[in-house]
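J.: Here are the chains, one letter per residue:
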Amino acid sequence: MKIAVPIKFVPDLVEELTIDPNGTALDTSWLRLIINEFDDHAVEQAILLKERGGGEVTVVAAEAEGVDDFLYTAAAKGADHLIKLTGDFGSGMNSHAAARALADLLKDSKPDLILTGVQAHNDLDGAVGPLLAELLDMPYVGYVAGVSSTNDKAIARKEYPGGIIAEMEIKLPAVLGIQAAEQPPRYVAYNRIRQVMGTSKIEERTITALDLSGGVTASRMFQPESSQRATILEGSPEEVADQMVGILKELGML
Amino acid sequence: MEITLSPLSPSVSKTFYASIHEMLDGERIRKCLQCGTCSGVCPFGYYMKYPPGKIIGTLRSEVFDLVMKTDSMWMCVSCSACSAFCPTQIPITAALMTRVKEEMILAGNVPAELQTALRNSQQYGNPMGESPRKRADWTTGIQPEINILGKTRQPVDVLWFVGDYASYHPRVQSATRALAKILNTLGVNFGILGPEENSDGDSQRLAGERGIFEMLAKKNGQTFRKYKFNKIVTTDPHAFNALKNEYPALGISYPVQHFTEFLAERLAQIKPLLKNEISAKIAYHDPCYLGRVNGVYDEPRELLRSIPGVELTEMSHQRANSLCCGGGGGGMWLDGFQWEKAHVRLSEWRVKEAISANANILAVACPYEPPRFEDATKTISSASHLKVREISELLVESMGL
Chain A
9 MKIAVPIKFV PDLVEELTID PNGTALDTSW LRLIINEFDD HAVEQAILLK ERGGGEVTVV
69 AAEAEGVDDF LYTAAAKGAD HLIKLTGDFG SGMNSHAAAR ALADLLKDSK PDLILTGVQA
129 HNDLDGAVGP LLAELLDMPY VGYVAGVSST NDKAIARKEY PGGIIAEMEI KLPAVLGIQA
189 AEQPPRYVAY NRIRQVMGTS KIEERTITAL DLSGGVTASR MFQPESSQRA TILEGSPEEV
249 ADQMVGILKE LGML
Chain B
88 MEITLSPLSP SVSKTFYASI HEMLDGERIR KCLQCGTCSG VCPFGYYMKY PPGKIIGTLR
148 SEVFDLVMKT DSMWMCVSCS ACSAFCPTQI PITAALMTRV KEEMILAGNV PAELQTALRN
208 SQQYGNPMGE SPRKRADWTT GIQPEINILG KTRQPVDVLW FVGDYASYHP RVQSATRALA
268 KILNTLGVNF GILGPEENSD GDSQRLAGER GIFEMLAKKN GQTFRKYKFN KIVTTDPHAF
328 NALKNEYPAL GISYPVQHFT EFLAERLAQI KPLLKNEISA KIAYHDPCYL GRVNGVYDEP
388 RELLRSIPGV ELTEMSHQRA NSLCCGGGGG GMWLDGFQWE KAHVRLSEWR VKEAISANAN
448 ILAVACPYEP PRFEDATKTI SSASHLKVRE ISELLVESMG L
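Chains A and B, in that order, are what the protein sequence lines are. Using my numbering, you'd call the opening residue of the first sequence number 9 and step up by one each time. Using my numbering, you'd call the opening residue of the second sequence number 88 and step up by one each time.
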């Protein structure tokens, strides 16, 4: 079974985000990038499927700072092929453009199963998974937490609100949006990653033109504004309770 | 405690046993008497399914796989008590325990808490996953302003290697600011690396992540080369240990001192400044990597003794026999794991010892300790009167800074 896992890097919230002078995008000068957490789970799920039923795992990522390290880490976990999409992404890569670029690539390699992270916090114009499924004319199931597969079908475990879980049978090839792998992404020793750096190869594929159409255009970005609406009541518990009752009466709630 | 090995598990036993003999003094492992001293002196030896002596037994009988199938190894806090008391002087911590942890890491047998700290170290250069840009935020408001070498590019006498917890942990920052004030008051020409500083990596190394240790050491080495300074002073005994004993093998070699050694050398200058009396009975906790591993026992005590009003008292475990705070060798990042297993924290034992020694202040010299011991005073009911103070904090209090 051939499994493809398209992944992407997203802004790392460990640094405070700032808006660039144009007001329409994030300021990239201090921006750190990190693997989209759901994509990390998609890679883990793919490796688990390979370990259970054999096959080949291909991880695909668009060029970004830190992507090489992530790809080598995936190889150390058991991924067989590493592909990096290169090109001029200066004008921004939205989900529509990413899905088109991936569809072109995956049309040729014909994977049986495509696992993507179900979402990313910078998916302004929808998640890549369903867009990709539409372009490749494959079925899509999202919010999947656990996959098993036989030759021509997969069984996806999907979680619903209220503690309801469904198991769905899907005919392959298909695209699944992974919410969580069956186990947390595994740890790989740094020395093992270093070893893989010497033996694995990242294959580069150039994307000549990005088609951004269909995506959204940000007209303006805003920093969340803080307002001073919190009042800290001070005093003994009795005094605080009295003040609280007073305030609630004032607001007409009592 | 049996767990399933990941498919990444390497084949160990014979090759592993042979590799131990190649470590420094590693051939001494052949002379193990199986006396059990190591397992007895080990603070968690009573709990581990395979304490050090038993691990050697499994290697001799070629059933080392049994060790790899448990998570017993993650109770080891790399405190080096086993190595210090071994009658045949086997370097148990360096040649056996750390190496076993390396194998565990390679096999993917790593508790989740530890994974997070290791990933953070790889990604951000500190185990807490804090922003590297904010590493010098603790300096805000200190006058004269702290010299961050990347900004000023001025040569200094002392490069102060501040370290992770001293830079980021809110409780430890108070001790860091105290040391900064002392250095300023003494007129020391010093600077820090700020955002360019990476974790010293020693605890990651002792937790078995040799690769991350080497990566971090290399980054620090490259940064050191950019600036001019005469020596390095560290807040953290782990950084002191790494710079003194581990970095030189990677070609990174500088004179290094722990801050207690550096200050003790300047006692004549410090003593007249210690004006305020601190009327307290103080028990000093020897950090494993300052005391037992590197032999610095007297300087911290000299500093404390020089504070007017201070009476020093000793706990039952002291100097070479000191009891680990529980934070070493990855213990800082295995707190939940170890608690779940043993239902005890070494920091709590230590706090009880301080109470038995009639101390009202527990003095420390390692950035892992203020939060660990302070937390322990909150869970031990008889410890509510016990204050935990870093040596710099006590000096600053006495100086009235």
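Misleading hints may appear alongside valid ones.
Simulated pairs of lysine to aspartate or glutamate, EDC-like, Cα-Cα distance not exceeding 20 Å [claimed, not checked]: (1) Lys306/B / Asp35/A; (2) Lys474/B / Glu398/B; (3) Lys221/B / Asp35/A; (4) Lys221/B / Asp145/A; (5) Lys238/B / Glu189/B.
No lab work stands behind these hints: they were computed from the structure.
J.: With reference to the structure, classify each hint as holding or not holding.
T.: Each hint tested on the structure:
1. Lys306/B / Asp35/A: With Cα atoms ~27 Å apart, Lys306/B and Asp35/A exceed 20 Å; violated.
2. Lys474/B / Glu398/B: Holds, at about 15 Å.
3. Lys221/B / Asp35/A: Given pair Lys221/B, Asp35/A holds - Cα atoms ~18 Å apart, limit 20 Å.
4. Lys221/B / Asp145/A: violated, 47 Å
5. Lys238/B / Glu189/B: With a Cα-Cα distance of about 38 Å, the restraint between Lys238/B and Glu189/B is violated, given a limit of 20 Å.
Consistency with the previously given hints fails for numbers 1, 4 and 5, ordered from lowest to highest.
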